[in-house]
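Please arrange chain B on chain A, whose structure you already have, making use of the hints.
Line by line, the protein sequences are chains A and B.
322 is the number that numbering that gives the first Met the number 0 gives to position 323 of the first sequence; each next residue is one higher, with no gaps.
94 is the number that numbering that gives the first Met the number 0 gives to position 95 of the second sequence; each next residue is one higher, with no gaps.
Read the hints as simulated data drawn from the structure, not as lab findings.
Backbone N, C-alpha and C define an ideal beta-carbon position, used for all residues, glycine too.
Treat each hint with caution, since some may be false.
Stated by the list, open to error - Label-pair restraints from in silico Cβ distances:
| no. | chain 1 | residue 1 | chain 2 | residue 2 | range |
| --- | --- | --- | --- | --- | --- |
| 1 | A | Ser36 | B | Arg107 | 35 to 41 Å |
| 2 | A | Glu40 | B | Arg107 | 42 to 48 Å |
| 3 | B | Gln11 | A | Leu254 | 45 to 51 Å |
| 4 | B | Asn71 | A | Arg37 | 33 to 39 Å |
| 5 | A | Leu263 | B | Arg83 | 34 to 40 Å |
| 6 | A | Thr45 | B | Ala49 | 22 to 28 Å |
| 7 | A | Thr45 | B | Arg107 | 47 to 53 Å |
| 8 | A | Leu259 | B | Leu116 | 52 to 58 Å |
| 9 | B | Ala49 | A | Ala177 | 32 to 38 Å |
| 10 | B | Gln70 | A | Glu40 | 33 to 39 Å |
| 11 | B | Gln11 | A | Ser125 | 23 to 29 Å |
| 12 | B | Lys14 | A | Asp174 | 27 to 33 Å |
| 13 | B | Asn9 | A | Val93 | 44 to 50 Å |
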Amino acid sequence: MELIERYVYAVVKWLPKKKRNDIGRELESSIYDALESRFGEKTEYTEEEISEILSEMGSPWKAAAGYTWMSDRLISPELLQIYFPLTLIICGAVTLGLTISFLVGIFIPGMTFGRFILRFLELIPSILVSVATIVGFTTIIFALIEHSIPGYKIKPQLEKQRRQAAEKSTWKPSDLPAVPKGKQKVALWEPILGICFTIVFVVLFNMFPDKLGIYYTQQWGSGWNFVPIFSESALRTYLPYWNILWGLSVILNILLIVKLRWTLSLRLFDIVIAFMQIAVIGAMIKGPELIDMEKLLSYSNADVAEALTPLAELSNNSIDILLIILIVAISLGILGKIVNIFKTDINIRIPEDK
Amino acid sequence: MSSGRIDTMNEQDKKYENAVLEIRRGTLLICVLSQLKSPHYGYELIQLLATGGIEIDQNTLYPLLRRLEEQNILTSDWSVEGSRPRKYYSISDEGTELLARLSEEWNRISKSVSEMLA
Numbered sequence: 000m001e002l003i004e005r006y007v008y009a010v011v012k013w014l015p016k017k018k019r020n021d022i023g024r025e026l027e028s029s030i031y032d033a034l035e036s037r038f039g040e041k042t043e044y045t046e047e048e049i050s051e052i053l054s055e056m057g058s059p060w061k062a063a064a065g066y067t068w069m070s071d072r073l074i075s076p077e078l079l080q081i082y083f084p085l086t087l088i089i090c091g092a093v094t095l096g097l098t099i100s101f102l103v104g105i106f107i108p109g110m111t112f113g114r115f116i117l118r119f120l121e122l123i124p125s126i127l128v129s130v131a132t133i134v135g136f137t138t139i140i141f142a143l144i145e146h147s148i149p150g151y152k153i154k155p156q157l158e159k160q161r162r163q164a165a166e167k168s169t170w171k172p173s174d175l176p177a178v179p180k181g182k183q184k185v186a187l188w189e190p191i192l193g194i195c196f197t198i199v200f201v202v203l204f205n206m207f208p209d210k211l212g213i214y215y216t217q218q219w220g221s222g223w224n225f226v227p228i229f230s231e232s233a234l235r236t237y238l239p240y241w242n243i244l245w246g247l248s249v250i251l252n253i254l255l256i257v258k259l260r261w262t263l264s265l266r267l268f269d270i271v272i273a274f275m276q277i278a279v280i281g282a283m284i285k286g287p288e289l290i291d292m293e294k295l296l297s298y299s300n301a302d303v304a305e306a307l308t309p310l311a312e313l314s315n316n317s318i319d320i321l322l323i324i325l326i327v328a329i330s331l332g333i334l335g336k337i338v339n340i341f342k343t344d345i346n347i348r349i350p351e352d353k
Numbered sequence: 000m001s002s003g004r005i006d007t008m009n010e011q012d013k014k015y016e017n018a019v020l021e022i023r024r025g026t027l028l029i030c031v032l033s034q035l036k037s038p039h040y041g042y043e044l045i046q047l048l049a050t051g052g053i054e055i056d057q058n059t060l061y062p063l064l065r066r067l068e069e070q071n072i073l074t075s076d077w078s079v080e081g082s083r084p085r086k087y088y089s090i091s092d093e094g095t096e097l098l099a100r101l102s103e104e105w106n107r108i109s110k111s112v113s114e115m116l117a
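Here chain A stands alone, though its shape is the one from the complex (with noise of 0.2 Å):
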């Protein structure tokens, strides 16, 4: 029965939460006749019998096909044919214009080899940004031209041949992934929730790093001032690895996004992140000050000086206690993590109430 559970799942997924409910009692109902009609009324059907029904009802893909919102695609087949020509046009032009600039770029005085390589390695980004931006864009005005013209009609013809192309691999109710439970599930704010305070992180750290700092003001309305907190030669140190264990930490939530549940490769991806957090964190507690106590003071003025020396009086071991802080938290996590793994992924069979 739990096959027919993962089947219905995996079909209703991805429908708007409105019809999700109503279309899979639907969908279970017809399953359980089609059951019924083959192999006779009976409270409990063979995983053979479960699997015959299934397979000849097709992919989860296929039954879900005919429910999605749009069921016409985002851009008809008449429109691809401008969509498509222009759209390369368009990024090649790009591309040929930023590799076009850094050729000029690199033929300057005090050009380095070193140089060299770092602005041909800011190209290749540069470009693959520009294009994606394109693509986006070019997409989103060919989709509202799409939809916006009044009885705009897909051609039946190629619907159907997409259609059949869909349904060309073969697959087998064995396929099915196991419906997620219980701390498997994963409520998709949570990797998109942490995929932008990332991105936040990433900006800050990287483009913005002499901002952070003291915002202060000696009476309302005289303005603001300010007093950045970060030495450089300590975000100079750890911010690659920081920048590196970022990215893997939006990798593991666009996984996580696409997947909806914690797996356990996914797991162990999380944890080994956890890891490196630490040691990032323990070799910034050995390395070079984070703080930079005299420029923090010599920067601001005398009234600023007096408020800020209990925190000079702040030593750096007070900075390294909160970073031992940190570590131990986060190996706590780490434990949380390694008995969830046990708790789901491992199918320790704890008995339930039926």
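Okay, now just chain B, sitting in the frame of chain A:
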């Protein structure tokens, strides 16, 4: 529309099957509406249509029924008679009117086609 068999056919048969599918798609709505003058649930409807010579699979019929309900051509009801709850569909007043007009048109078309084939 059981299209699973298409993969195993040769070119000519494939073209034939595609064309036949087109005809079936065109007549599907009339056939479905005609069977829902009394309430039926999805699976039942598939059997009814099959008895009448119209083969259709679940993945086509159920979304169609849902769309027709959204357009007020059908009404539905979850009923708990019998061993399990089932969703029953039946034709609405608007649907009945639609069916009447479609039947007229179908008769016209069918007559024209017969004449053209003669």
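(message) Taking the Cβ atom of A/Leu263 and the Cβ atom of B/Arg83, is their distance within the range 34 to 40 Å?
(response) 36 Å, holds
(request) Go ahead and decide if the range 45 to 51 Å is satisfied by the Cβ distance of B/Gln11 to A/Leu254. (result) Because 47 Å falls inside the window, the suggested range holds.
(request) Determine whether the Cβ-Cβ distance between B/Gln70 and A/Glu40 falls within the hinted range of 33 to 39 Å. (result) 35 Å, holds
(message) If I claimed the Cβ atoms of B/Asn9 and A/Val93 lie 44 to 50 Å apart, would that claim hold in this structure?
(response) At 47 Å between Cβs, range holds.
(request) Please test the hint of 23 to 29 Å on the beta carbon pair from B/Gln11 and A/Ser125. (result) 54 Å, violated
(request) Can you let me know if the beta-carbon spacing of B/Ala49 and A/Ala177 is within 32 to 38 Å? (result) Holds: the Cβ-Cβ distance is about 34 Å, inside 32 to 38 Å.
(message) Holds or violated: the 22 to 28 Å window for the beta-carbon distance between A/Thr45 and B/Ala49?
(response) Since the Cβ atoms of A/Thr45 and B/Ala49 sit about 26 Å apart, the hinted range of 22 to 28 Å holds.
(message) I want to verify a distance hint. Is the separation of the beta carbons of A/Ser36 and B/Arg107 within 35 to 41 Å?
(response) Holds, at about 38 Å.
(request) Using the beta carbons of A/Thr45 and B/Arg107, state whether their distance is inside 47 to 53 Å or not. (result) Between A/Thr45 and B/Arg107, where Cβ atoms are some 52 Å apart, the hint holds.
(message) If I claimed the Cβ atoms of B/Asn71 and A/Arg37 lie 33 to 39 Å apart, would that claim hold in this structure?
(response) With Cβ atoms ~35 Å apart, the hint holds.
(message) The hint says 42 to 48 Å between A/Glu40 and B/Arg107; measuring C-beta to C-beta, is that right?
(response) 46 Å, holds
(request) May I ask you to test the hint 27 to 33 Å on the CB atoms belonging to B/Lys14 and A/Asp174? (result) 32 Å, holds
Checked against the numbered hints above, the structure breaks only hint 11 and satisfies the rest.
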